[in-house]
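Chain by chain, the residues:
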Amino acid sequence: MNYGRELLKGNTDSLLLYLISHEPTYGYQIVKELEKRSNGYFQFKEGTLYPALHRLERDNLITGKWQILLNGQQRRYYYITTKGQQALAARLATWQDFSTAVKAVMQAETI
Amino acid sequence: MVSNISHYLNRFKACLKIDKTIRDGVAKELYTHLEDKRQELEEKGLSREEASKIAVQSLGSPELIAQQIYETHAQGSWKEALFSASPHFLVALLFTSYYWQNIVYVLIIVALTVSIAIYGWQRGKPVWLFPWLGYYLMPVVVTGILLLSLPQGWGWIAALIYIPLALFVFIHIVRQTARRDWLYASLMLAPILVTLSWFSSFGTGNEFLTVSTLWASLQTNALWIVISFIALAGATIAFIRLKPRRYKIISLLIPPLVISLSVITTSRGSIHPWSWLILLFSLFAFATPVWMQARAQG
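Chains as they are written, first to last, in numbering that gives the first Met the number 0: chain B, 0 to 110; chain Y, 0 to 297.
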């Protein structure tokens with residue numbers, strides 16, 4: 000089992016919600032943003048992003064809308080919903096608690 | 000020549016058995032992603048062909064994406080599952096309480112079924128519609144079978160007039176449903192096949208179905224008929240709630256096992272040759288989804 004991959008899998012939804020909460024965005028931009036913000040750490044098969052986005056949309060955490068750009072190109076932008084914002088806040092709080100607890104345990108061991 | 004991107008999207012669409020509007024929407028989304036990637040790579044100096052190839056590779060297996068998208072959209076809610084199973088429970092209730100002998104109850108259920116089926120058909124064919132649609136088609140099939148039991152000669156004359164008309168309606172609805180997903184067609188046909196199986200068992204020895212044997216057999220076998228429709232209701236709930244397609248198919252195979260055992264047990268093997276034929280046809284129709292799935296995977 001690849002531990003890093005498992006961690007990413009378990010937190011994909013939170014990462015997507017976080018990025019979409021900052022600004023409405025579309026699939027390809029999400030992939031680029033994840034790579035950029037993580038300095039290339041988060042790399043995955045790009046296609047796996049779409050099932051995750053559709054799962055979040057099914058659960059009413061985000062909503063997708065087709066938009067026509069000035070050059071005539073169409074893109075599906077995702078927006079976070081109120082339910083999504085609440086879910087993200089809860090996940091961030093849990094993550095902070097978890098991260099603090101892990102750090103506390105690890106630091107106690109290394110001191 | 001078909002481009003890498005078109006080929007990729009065709010493979011994706013061929014594997015994804017969901018509502019056409021949703022499927023086309025996801026395919027369009029993948030297309031915009033691939034085009035963005037291709038343009039970016041071309042700007043870096045790659046040829047169009049190389050850029051398309053890399054774009055497709057970075058997206059991953061179209062079959063895997065289709066499977067994951069299917070699992071996102073294929074699972075119905077508990078509300079949908081129970082509503083889908085409701086017509087089976089209603090029929091089971093008819094036989095539990097012997098309400099099937101009361102024409103008022105039967106007419107209420109028929110009117111309810113027809114109204115819900117028409118409502119669902121006009122509202123974009125949601126997944127809960129298909130079992131109701133099966134019962135909506137039932138009178139069409141049952142009338143055809145009953146015509147065969149008319150006195151010598153008359154049955155065939157009536158059937159010859161009736162069958163082409165009935166087949167036209169029947170095939171039209173089945174084709175429309177199968178175009179969406181052949182598993183939905185199986186879900187829709189299931190109550191008809193159960194009914195056919197039971198009708199087939201009511202003829203004994205050399206005598207095919209007659210009105211007198213029909214009423215007597217319905218009374219004698221009421222408990223087994225109830226069990227059959229409860230099994231069908233359970234399978235429908237499982238079908239709606241389960242995500243993986245293979246589990247949905249397995250759920251559709253449970254009722255024929257229960258029904259075949261029930262029919263063979265109650266008739267004690269004394270079934271008219273025509274009845275055997277109908278029973279085998281029903282089992283074959285139930286098994287079709289498995290064959291189709293194996294073919295799709297092969």
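Keep in mind that the hints were calculated from the coordinates and are not lab data. Hints may be right or wrong, so weigh each one.
Said to hold, decoys possible - Below, simulated BS3-like cross-link-like pairs (lysine-lysine); rule was C-alpha separation at most 30 Å, straight line:
1) Y:78 / B:31
2) Y:19 / Y:52
3) B:82 / Y:52
4) B:8 / Y:124
5) B:64 / Y:19
6) Y:78 / B:64
7) B:82 / Y:242
8) Y:12 / B:44
9) Y:52 / B:8
10) Y:27 / Y:52
11) B:44 / Y:43
12) B:82 / B:35
13) Y:242 / B:44
14) Y:27 / Y:16
15) B:35 / Y:124
16) B:8 / Y:242
17) B:35 / Y:19
18) B:8 / Y:27
19) B:82 / B:8
20) B:44 / Y:78
21) B:35 / Y:78
22) Y:124 / B:64
23) B:44 / Y:124
24) Y:43 / B:31
25) Y:16 / B:35
26) Y:43 / B:82
27) Y:12 / Y:52
28) Y:27 / B:64
Status of each hint after checking the structure:
1. Y:78 / B:31: Judged against 30 Å, a Cα distance of about 39 Å means the pair is violated.
2. Y:19 / Y:52: OK: residue 19 of chain Y and residue 52 of chain Y at ~27 Å, within 30 Å.
3. B:82 / Y:52: Violated: residue 82 of chain B and residue 52 of chain Y sit about 39 Å apart, past 30 Å.
4. B:8 / Y:124: 34 Å, violated
5. B:64 / Y:19: 18 Å, holds
6. Y:78 / B:64: Holds - the C-alpha atoms of residue 64 of chain B and residue 78 of chain Y are around 27 Å apart, at most 30 Å.
7. B:82 / Y:242: 24 Å, holds
8. Y:12 / B:44: Answer holds: residue 12 of chain Y to residue 44 of chain B is near 19 Å, not above 30 Å.
9. Y:52 / B:8: 26 Å, holds
10. Y:27 / Y:52: Between residue 27 of chain Y and residue 52 of chain Y the Cα gap is close to 18 Å, so the pair holds against 30 Å.
11. B:44 / Y:43: 21 Å, holds
12. B:82 / B:35: 27 Å, holds
13. Y:242 / B:44: 22 Å, holds
14. Y:27 / Y:16: OK: residue 27 of chain Y and residue 16 of chain Y at ~16 Å, within 30 Å.
15. B:35 / Y:124: Outside the cut-off at roughly 43 Å; violated.
16. B:8 / Y:242: Roughly 19 Å between the alpha carbons, so the hint for residue 8 of chain B and residue 242 of chain Y holds.
17. B:35 / Y:19: Status violated; Cα separation ~35 Å.
18. B:8 / Y:27: 25 Å, holds
19. B:82 / B:8: Judged against 30 Å, a Cα distance of about 22 Å means the pair holds.
20. B:44 / Y:78: 35 Å, violated
21. B:35 / Y:78: 42 Å, violated
22. Y:124 / B:64: Holds, at roughly 23 Å.
23. B:44 / Y:124: Violated, at roughly 34 Å.
24. Y:43 / B:31: Given that 30 Å is the threshold and the Cα spacing comes to 16 Å, the pair holds.
25. Y:16 / B:35: 35 Å, violated
26. Y:43 / B:82: Measuring from Cα to Cα gives roughly 40 Å; hence the hint is violated.
27. Y:12 / Y:52: Given pair residue 12 of chain Y, residue 52 of chain Y holds - Cα atoms ~19 Å apart, limit 30 Å.
28. Y:27 / B:64: Holds, because 13 Å separates the two Cα atoms, which is no more than 30 Å.
Violated hints, in rising order: 1, 3, 4, 15, 17, 20, 21, 23, 25, 26; the structure is consistent with all others.
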